[in-house]
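There are 4 protein chains.
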Amino acid sequence: MALSSQKSRLRDINNTGFGPNSSVEGGRLINSDGSTNLRKRGIPLWERTSIYHTLLKMERAHFFLAIFVFYTVINLSFAIVYLITGVEHLVGVDKATTLFEKFAEAFFFSSQTLTTVGYGRVAPTGMMTNCIASLESLLGILVFAVVTGLIYGRFSRPRAYLLFSNNLLIAPYKQGKALMLRTTTYKNNHLTDVEASLTLAIHVKENDKMVTRFYPLPLEISKVASLALSWTMVHAINEESPLYGFDKTQVADSKMEVIVNIKGFDDHFSNIVQQRTSYTYKQVIYGARFLPMFERAADGEYTLLELDKINAHELVQFEEDRVMA
Amino acid sequence: MALSSQKSRLRDINNTGFGPNSSVEGGRLINSDGSTNLRKRGIPLWERTSIYHTLLKMERAHFFLAIFVFYTVINLSFAIVYLITGVEHLVGVDKATTLFEKFAEAFFFSSQTLTTVGYGRVAPTGMMTNCIASLESLLGILVFAVVTGLIYGRFSRPRAYLLFSNNLLIAPYKQGKALMLRTTTYKNNHLTDVEASLTLAIHVKENDKMVTRFYPLPLEISKVASLALSWTMVHAINEESPLYGFDKTQVADSKMEVIVNIKGFDDHFSNIVQQRTSYTYKQVIYGARFLPMFERAADGEYTLLELDKINAHELVQFEEDRVMA
Amino acid sequence: MALSSQKSRLRDINNTGFGPNSSVEGGRLINSDGSTNLRKRGIPLWERTSIYHTLLKMERAHFFLAIFVFYTVINLSFAIVYLITGVEHLVGVDKATTLFEKFAEAFFFSSQTLTTVGYGRVAPTGMMTNCIASLESLLGILVFAVVTGLIYGRFSRPRAYLLFSNNLLIAPYKQGKALMLRTTTYKNNHLTDVEASLTLAIHVKENDKMVTRFYPLPLEISKVASLALSWTMVHAINEESPLYGFDKTQVADSKMEVIVNIKGFDDHFSNIVQQRTSYTYKQVIYGARFLPMFERAADGEYTLLELDKINAHELVQFEEDRVMA
Amino acid sequence: MALSSQKSRLRDINNTGFGPNSSVEGGRLINSDGSTNLRKRGIPLWERTSIYHTLLKMERAHFFLAIFVFYTVINLSFAIVYLITGVEHLVGVDKATTLFEKFAEAFFFSSQTLTTVGYGRVAPTGMMTNCIASLESLLGILVFAVVTGLIYGRFSRPRAYLLFSNNLLIAPYKQGKALMLRTTTYKNNHLTDVEASLTLAIHVKENDKMVTRFYPLPLEISKVASLALSWTMVHAINEESPLYGFDKTQVADSKMEVIVNIKGFDDHFSNIVQQRTSYTYKQVIYGARFLPMFERAADGEYTLLELDKINAHELVQFEEDRVMA
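Residue numbers (our numbering), protein chains in the order written: chain A, 5 to 329; chain B, 5 to 329; chain C, 5 to 329; chain D, 5 to 329.
Next up, chain A with everything else stripped away, as it sits in the complex:
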């Protein structure tokens, strides 16, 4: 059964934000970290980069390294300026004799000005040097205003902290099969009014050309009041499903990609949080079901959620496949 023959039954959607030809075989649409597998060009990099977004998403170590480098570069620049205008206008540097010593004194004076620590062992005199120091302290306040904001912005950025199972399982469900994946919050956060939506991107043959079509994958439960434990999302593969009749081979042939989007309200951020992920056909396990990941505690006083069991599953064989084999 060719994929193209199913065309009439599938309810195609075209409001995914991706065009029919946007993806080619092998190139996924959404990366598993939720970012778009897309590059932009045509306008200069600085115009098409949101510095705020970039600094917000940057890894922590890189972020602090960037601050350190920035701090050093500013101080080096001002040190040069103070050297040019004359270190003799910095009182307290009399003992510095070599150029390097003078430069060091100017550098450290700059850092004391920028951070407004201003010990005063070295202090500016004269119009020009005073002007520069005055501007540097203003700059320092402005720069650290941005840095303060950024650090806090990174720290307090509303995030869903969701852990997803590594695989999509095609599991037995009622009399048939279902596509399943599992998620849970892995931090001490608590989401309420959580909604999930699954979109299938699939390669189908149309007029002898492979094109990408998108279909929603309705869930048995698409909204939970509270995401306290784990949530196994279940898309029943019944006659309504675009995946109906797919066997192991067709799953692989379809080059399918499933885009998962979760949205909920976080109590502590008092904000809506969102997380996206995507699974390719390589992550689909045909014939498997999830094992429980929570249990009652020994003393019966609380529930215990075992985060390392998010991927725990056992293989199963479908009746029909057994017959076929």
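Just to be clear, a hint being listed does not mean it is correct.
With a straight-line cut-off of 25 Å between C-alpha atoms, the simulated PhoX-like cross-links for lysine-lysine are [stated by the list, open to error]: (1) A/61 x D/267; (2) D/267 x A/267; (3) D/227 x C/267; (4) B/313 x B/286; (5) A/99 x B/99; (6) B/178 x C/213; (7) C/252 x C/209; (8) A/267 x B/61; (9) B/267 x D/267; (10) B/267 x A/227; (11) C/267 x B/227; (12) D/99 x C/99; (13) A/313 x A/286; (14) C/61 x B/267; (15) A/227 x D/227; (16) B/213 x A/178; (17) D/99 x A/99; (18) C/178 x D/213; (19) D/267 x C/267; (20) B/213 x B/178; (21) C/252 x C/178; (22) A/213 x D/178; (23) B/213 x B/252; (24) B/99 x C/99; (25) B/227 x A/267; (26) A/227 x D/267; (27) B/227 x A/227; (28) C/227 x B/267; (29) B/267 x C/213; (30) D/267 x C/227; (31) C/227 x D/227; (32) A/267 x C/267; (33) A/267 x D/213; (34) A/267 x B/267; (35) B/267 x B/61; (36) C/267 x D/61.
Keep in mind the hints are simulated off the structure, nothing from the lab.
Starting from the structure of chain A, add chains B, C and D where the hints point.
Below, chains B, C and D alone, put in the same frame as chain A:
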């Protein structure tokens, strides 16, 4: 009448975020402060802890103690570093002779650097000491950026400031009974578009096994335009209710837990605020009704809300129970 | 025609957040600035006051006065502490001889420490004084963290900046009458998706007792895509309206209060903003219509909105009243 | 065919926030940057200006210039005050002999106080000078609190970063025509749940008077799940459309303006963002279609979006026009 026999009438819901076996007798799902009675394991503590959430929720005294301890530890660490690199590079500590005096001078110099107060009586000289001081003042700015953000985040965190009655009352209502609880805002905040939802978790016998089932408890009024005075939420225990026919004994036997979730819009935060609480069967008073908690002021110019009367109720006896007794 | 006789026709609502007896004659529910005319008692003042809400709403002059007083009090307190521990541990105060001079030096040293300006002319020595100064600079940073947050919070608090007409007009409308009020944004902000809701609180006689009943007043247009110019809200007083058949006398007798709530999305705050106001029967003008408040500019290139005309109206006489008179 | 004759077929809307006479020929309602082409008067400028909105929208260069000017003015003012109270109370300025030198010392002392850098080479003595310096350092902290907030507010302000095509195209669509425009995000941001709405403002003759009428322009797809690539919004000009039957001449005669409003949820801001634009009849190209602006990358691993092709289109001739010509 066994609880299990009611199974067919009850409209079971399974989108609560808790599984059917998630709770066991005696272990509640939600604590009365709204947190989840749940422990997680399987990934390291630091990965499953959101420092931001923790610092935001921490008690005020603990929070400021944490800042104080952190401040002291940083200064102690830098004091040791300044001692190692040589206090002779800190000008102004000449009078310090004993190690303790030197350490004290280094410690206070560190604190003056970290807070950028920088009096300058003690000031760094030499490459190494200057470098360390320069880094410490940068660190100080970054650390206090986080602290500034946190203090403000704690201070301005959107909260509902709701006071709940300590008990659930089963009160006379129309011709029958109703489950009632009462809430009010206890601060000078004002909520609009306030929605409440009640979920019942109940232990029922299924196939000789006790399982937890969840049911929504519809309210007579589930949304109020404005939460100015107190709000008595009323769930009528009619034939539609999962609690229909429950007498005093069954309430206790059911090990019932009622999860309350309130969501509204706060004017001053300009944000949605949410508060959760939970009542166990131990908090249910069978046969009682709330007494009013507001009255007209003596001069008739305003309404007076008496917050200490949130729990005020009087006991009543139901007709049927009187007959039975 | 007594008000009580209309009871059956009126669709009473009871989800306003006010109870039926919450208001008494003469005491309005909502003040015209949108706050609730309500007092709370029963728990201590500090527990029922949100300091954040209070400082956010406080008048600007009072807010800065509060900061100034707070700053002075902290410095006075620390000055006393420095005096007690001995001003001789503050190097640089040698010239101070009188107690007042010593106190002044301690006071100014304190302010230099609290603000972290730390000139160093006066600087601490000795364990005790250094410790206190170290704590004061930490306190300074924490205090100004809160102040920074508050100033920014006040400054950036999402507000609707709506100007309302002073009066409710009962104006000719189609073949009958309508209740009208007018609003506009008076700042350079722009609201989209703006919704309005009007609630009528009215005194009716029930069983020989005056009680307050609440009714929604449906608007001809209750949502506008964009609030660019002025918006005249129109409630048609037809047979569906709780105000149907009211003449001048009945408007006054009813002690009516109309609560107005506007909610919209502000572009620049990127947030929902809300504003509330209320009109009592004393603000109703029976027989008047609004005059236009915008016009084309002389050069035809833009529209001119005249904010001082928000209340502009002309008196009209109703046909029926003329007949009756 | 006169425009006025179409009146009956058009479904006029009156909840746009603009009145029927709000616009005159040649004066657009919304500027292409989304601001309203409107002036307000009648209350003083400072009351009708939101300083926060103004400083948030101001161009970056102007914003920093404003800070610089403000900083200079405050320092100049305090320098004068220090001169008046006597520079002899500033220790360390002994070498300054001329008035200019004294003024310069006072100016730089002021800047060192305002930024709390406080070197201490120059330091205050005496009651009066100390008081002023103490107040200036408090002022400095408050001022920079506002500046910190503003810089961060500007930096982190939720924005949609949408690029719109310069023109509205009237393109072939199915068997007829459609009005099309194109948008894309040009930064590394990602919008989800994006909604678009188009409103047509058109001049029609009514009772021999030209008035402005508003009509919604329904889109073939008005909501996309994710705005990853470009989005071509399509309004089919069928019999339902207010633009039905318009030829090149009528488009120009109608003085039409199309107001576009886009709203979506931004992941990184975790906030709703909104952007507005407007097209006048001068920007309509009759008979043109967009050319694709994305393609598969050479290695097939990602999709390439070419932002400079946002306006790329080719001219086409409509069948009917060809016949007519």
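Violated hints - listed by number, lowest first: 20, 29 and 33
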